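Enquirer: Protein chains in written order, with the working numbering: chain L, 1 to 300; chain C, 1 to 277.
Derived from the structure by calculation, the hints contain no laboratory data.
Lysine to aspartate or glutamate pairs mimicking EDC-like chemistry, simulated, CA-CA at most 16 Å apart: (1) L:LYS224 / C:GLU234; (2) C:LYS57 / C:GLU86; (3) C:LYS235 / L:GLU222; (4) L:LYS221 / C:ASP178; (5) L:LYS224 / C:GLU233.
Stretch-level coverage of chain L by chain C, calculated; a stretch enters the list once three of its residues show a Cβ under 8 Å from a Cβ in chain C: (6) 110-121; (7) 194-201; (8) 214-226; (9) 261-269.
Note that the coordinates shown come from a computational prediction; the quantities given were computed from them, not determined experimentally. Quick reminder that beta carbons are idealized off the backbone N, C-alpha and C, glycines included.
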Amino acid sequence: MGVFFCAGSAGRLAKKANPAVGDDILWNAGMTSRRSRTLLLMLALLGIRFLCCLTVSAQESKAGNLTGQAKRGKELYQRYCIGCHGVRGDGQGENAPYLDPKPRDFTLGLFKCRSTPSGSIPLDSDLFDTIGRGVDTTGMPRWLPLSSHERADLVAYVKTFSDRFSEEKPDPPVKIPSETPDTTESIQRGGEVYQSLKCFECHGEKGRGDGPSAASLRDSKENKIVPYDFTVGTRFKCGVSNQDLYRIFMTGLDGTPMPSYLSWVTPEQAWDLVHYLRALQGQNATKPKETAHKDLMARR
Amino acid sequence: MPPFINTKRAILGLAICLAAVSCRGQAAAQSDDYKVVAVENGGTITGTVRWAGPLPKIPRLAITKNTDVCNPDSEKTRDLERLVIEPNGGVANTVVFLKNISQGKAMDLPVSLQHLDQKACRYVPHILLVPQGANLQVRSSDPILHTVHMSGAVSNNIPFPFQNQDIPVAMRRAGVVDLKCNAGHVWMNAEVLIVKHPYYAVTDEHGSFTLTGVPPGEYEIEAWHEGWRIVSEEKVLDVASQVEVTRPMYSAQLTWTKKVVVRAGQASEVQFSISEN
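Just chain L, same shape as in the assembly (with noise of 0.2 Å):
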C-alpha cells in the first residue's frame, strides 16, 4: 500500500513538473530556473522513492543476509503455493478440502513454528525455516528445490496477508540454553516434569496422543486436531533436534492447543522434560541430524 501511495503523489508532483503546465504560477519562472527546478524536483522524487523502499519493509523479508522481495515471491507464491494456501492468502486452495490438517490460513498471521512467545509475530527467519523444512506430518512439503533466496521472497510476499506484519513487531526469541546432560536421572526428572504439567491430559499417559483431553481438541479454525503421538517417532512439526523440541514446548504453536509452557518452567526442567520425550519415542527415535536455520540457509 504504502509503496501506491508513494507512487501516486509521485505521479502527481511529475505531471506538476512538465514546463506544459507552464500557466500554472508555481512555473511562470525564466526558462533556466525551471530547468534547475525539474532537476530539483528529480532529485527530490527521487528521494521518496528511495525513503519509500526504506519505510516500505512489510514489502521484505531478513533471513541470515538475505532480503526478500513480495514482489518476486508474488509470482513464486502463484506457481508453487496458491493451490493450497488460496489466491487470499487464506488457506482456501484448492487443494484444501483433501488436506488434514488444513493449510495455514496466512491472513491470520498465526504461525505453528515460531522461535517467539506465544501471541508474537514470527522472526522472518522462523517463516524462512519453516519453508524449508516443511511441516512434518501435514502436507507442507520441503521447499529446498527453491532457492535460498526465492524462500526468503516467498516469507515476504506470505508476510503480506495479514496486518500483523506491519503493525506489529515480534517479541524476542526465546533464549534456549545450552543443553544438560542426558542421564537416566534426567529422564526420570522429565518424567515427573510431563505429570506435574499434565501433558498428559492431552498427550496421553504414555505419550500416545491418546489423553483424556485429545478427542475434544480443535484448532483455530474449529479444525479437529490430534496432539502428537512421541511413540510413533516420526519428525516434530517444527524440527528434527532436541534444540527443537525444547522450543516447540516453550512457545507453544500458535494456532494448535499446544500451549507456551515458558512461564512455568526452569531451562533445567525443560531439558529434562525433553530427555524423557525422546525416551518415549524409544527406538523409533528420529536421528536428530539437525536441520538448523544455518543448514537451510547453506542449501543452494
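Chain L is already provided as a structure; the job is to place chain C on it using the hints.
Expert: Okay, now just chain C, sitting in the frame of chain L:
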C-alpha cells in the same frame, strides 16, 4: 516570482509527501486515535439493557470432566453464561460503549475487569475489558489443568498446570478475543474486549450500566452482545471416561446502536431492548 519560493514549495511538497508516507502505516492502525483531555463538568449516561419478547432457550451443557472440581454444587448441567436475563428482563454481560469518541477522560476501566480467574471451571468474570496495550492478568484457582486459548484480536495460548499464579498476557490490538479451554472443559467460554478509550461499561445483573465523565456532545452509543445461540454441536468421545462430550460453537456477536445527547453536568438515559430476532 523569485525562484527560491518555488524551491521552498518543492521542499514543502517533498516534506508533505514524506510526512504522509511515514504516517501512512500508523494511520491505518490508529485512524480512530483517542486523545485524553481534561473533562470539566462532563455528563453521565445511564440506562439498562432489557430483554423483549419470549425468553429463548438458555444454552446449558453437561459437566463431563473433573466433576469434583468443576461441579461443586452437583448441578446436572452448567449455564454457559452466554445469555443472563434476570426475572424482570435485565440482560447482564452486555457491553455498552460510545462509538467514535475522539477525546475525553483518561483510562479508568475497573481493574476487576482486567483480572481473569478460572474457578470451578468457569471464567470469572465472563466479560473482560482491557485497555489496549495493558496486560490481562490470568490465574487459575483450580488444582487441575486449564489452558486459556485466546483467538481474535489477540492470539495466545497459555496453560495453567498450577494454582494461584498470575500470568500477564499483553493485549496489543484493539478488538474482541474469544477464550476457550482445551483441557476438556468444553463449556468454558468468555470474551475479552480490548478497547482504546474508557467509555465502556458491562451491564450488571439488572442490565444496568453507567458511563461517567462524558464530554458534552452527541454520540452514537452501542450495545454489544457476544451472541447466545449454539449454532452447532459436535459430539466427541472422551477417551478416558468414555463419556460423549459436546463441543459447542456459538452464533455471531450482535450490536444495537442508538443516538444520545450528553449535556454538561447532566444525566442522559438510554434504554436498549434486545430480542431473539
